[in-house]
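Read top to bottom, the protein sequences are chains V and X.
Here the first sequence stands for residues 1 to 116, where the numbers follow UniProt numbering.
Here the second sequence stands for residues 1 to 451, where the numbers follow UniProt numbering.
Honestly, I wouldn't trust all of these hints.
[To be verified] Computed beta-carbon distance windows for the label pairs:
id, chain 1, residue 1, chain 2, residue 2, range
1, V, Lys46, X, Gly313, 34 to 44 Å
2, X, Lys269, V, Lys46, 51 to 61 Å
3, V, Lys2, X, Lys142, 23 to 33 Å
4, V, Lys2, X, Ala407, 46 to 56 Å
5, V, Ile57, X, Thr408, 46 to 56 Å
6, X, Arg405, V, Gly51, 33 to 43 Å
7, V, Ile57, X, Thr133, 44 to 54 Å
8, X, Ala425, V, Lys30, 38 to 48 Å
9, V, Gln94, X, Gln28, 29 to 39 Å
These are computed hints drawn from the structure, not numbers from a lab.
Note that the Cβ used here is the ideal one computed from N, Cα and C, for glycine as well.
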Amino acid sequence: MKKINITELASVVRSKNSGPYELTFDIIFKDRAAFEQARRSGVFTKELIAGLYNIDIDKVIGVVEFEAANAIKATIVRPVVSGALGETDVYGAQQNAPLLSIEVPVSSDFVKYLDS
Amino acid sequence: MEEMRILSPTAILGYGFPLESFTEGLSQKPHVIAVDAGSTDPGPYYLGAGKSFTNRAAVKRDLELILEAAVERKIPVLIGTAGGSGGEPHLKRDYDLIVEIAREKGLHFTMAVIHAEVDKEQVREALRRGEVTPLYPAPPLKEEDLDTTFRVVGQMGFEPLIAALEEGAQVILAGRAYDPSVFAAPAIRAGFEPGLAIHLGKILECGAIASSPGSGSDCLLGRVGPGYFEVEPLNPIRRCTVTSVSAHTLYEKSNPLALPGPGGLLELKEAKFEQVTENRVRVTGSKFIPTDKYYIKLEGVKMAGYRTVSIAGCRDPIMVKKIDEVITTVRERVQDNFKESGYQYFLDFKLYGRNGVMGRLEPELNVIPHELGIIIEAVGETQDIADTICSFARSTMLHSGYSGRMATAGNLAFPYSPSDFKGGAVYQFSVYHLIEVNNPYSLFPMKLINL
């Protein structure tokens with residue numbers, strides 16, 4: 001099965017605080033077809049997020065699909081509470097980089113759809 | 001009422017908006033103008049210090065335009081989370097601004113001021129009764145946390161705002177409020193479904209961020225009717241699309257299907273987004289499920305000390321490779337030099353070019369950059385201690401030896417003289433908990449003032 005990089009499937013890959021104790025990641029796919037490939041791939045799991053950020057799986061609060069926005073969202077426990085001593089990113093807006101390396105296996109039909 | 005129109009001028013009062021968009025919004029004859037004025041996002045400092053992250057002159061500019069337009073047309077104005085954090089000093093900043101504008105412009109109206117700062121002893125009593133629960137992943141609240149807590153606010157729901165409207169207030173200035181409340185309150189009072197009204201508030205509270213291209217400095221118009229709400233931008237360069245509006249629903253939230261708030265849960269499992277015109281989106285199916293007991297979210301901060309930082313750069317490739325060794329040496333020298341002093345301090349080195357942005361979450365651990373930005377940070381019990389530790393760490397780092405050193409004239413490039421900056425008081429979140437209340441009004445006293 002062909003794997004393609006998340007940057008080809010998604011239009012938004014961002015991170016932000018969800019309150020001072022959580023960081024939340026939004027991946028918004030380019031269209032329904034791309035979202036369906038992503039959700040069916042089985043790639044988007046708590047294990048994926050824990051691996052990308054090198055954190056324990058119990059620090060991954062959830063990975064949720066939001067069909068209405070063609071989006072998949074993950075939320076983790078902030079390693080430092082927003083603004084506490086040792087903070088590096090008060091708004092949490094620059095924690096998205098590891099997500100950009102996600103590779104998603106897609107169907108051959110979808111590859112044709114991309115090429116068309 | 002068949003349909004209520006709610007104008008949101010800007011994402012945060014003071015972020016500004018184009019006059020053309022606002023005028024277009026007024027031409028649609030809005031029944032309400034509502035604006036969110038704050039957030040916890042800028043961190044704990046502003047709540048602790050009693051200062052606002054929004055600039056007074058910029059807030060006055062927005063308020064003048066809103067008040068003049070609204071008072072003349074008798075449109076109610078609701079402002080939530082006054083002054084950025086919604087505590088007493090924040091509320092007073094915006095209260096004084098409104099009084100100043102009313103005098104300068106000769107405006108007369110009834111204003112309701114709703115307070116949201118909570119006495120920490122009241123929280124302590126509730127904690128002892130078992131009525132305070134942590135909002136995961138915040139840890140359970142301990143009484144010691146309250147001893148050092150500086151200021152606590154509660155996030156009000158729509159009910160106190162409805163009460164102010166019932167009293168005939170034309171302008172409502174509210175302390176800390178759940179962001180959608182100021183938009184939802186008039187719609188719920190008019191009989192529209194709370195789920196739709198709160199979801200609409202969630203979209204409107206960020207101004208035109210929910211449009212494409214998004215902007216926090218532009219207006220958005222909401223309409224709520226039987227079984228639906230709609231949103232549209234007022235600037236012809238923007239469109240509300242199914243994607244822009246639904247994507248905004250999940251912005252800054254842990255779970256877009258279930259959004260907890262004061263008094264209940266906004267459930268969006270059945271929510272449908274539909275493009276009705278080129279730039280307008282209709283939403284249906286949003287539900288509000290009240291909780292059995294009424295909970296209010298508390299936010300509180302405590303002092304963490306005083307900060308001093310020194311900013312420097314390093315371009316020597318040998319030093320860049322040995323940076324861990326240098327930092328260890330500096331830490332040891334600082335500790336040794338002041339071991340008799342009894343100073344309590346936090347000393348940190350932020351290395352831009354190496355894990356400076358992601359810190360503990362950084363997966364790229366073995367990169368050697370060609371230069372490093374270095375921030376030496378000291379936080380102490382007093383500003384003097386922070387100054388002392390930062391200054392000593394800076395001078396030690398400048399001249400510290402390390403294995404293989406060739407650049408013996410100095411290790412750091414300072415872009416500024418003076419090289420050290422006093423950061424002043426530092427706060428940290430200490431309370432982020434739910435408190436059970438008897439009614440939605442109990443933490444939020446209201447006063448009516450005729451201007």
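Practice item. Hint by hint, work out which the structure violates, then give me just those numbers in ascending order. Key: Per hint list: 2, 3 and 7 violated.
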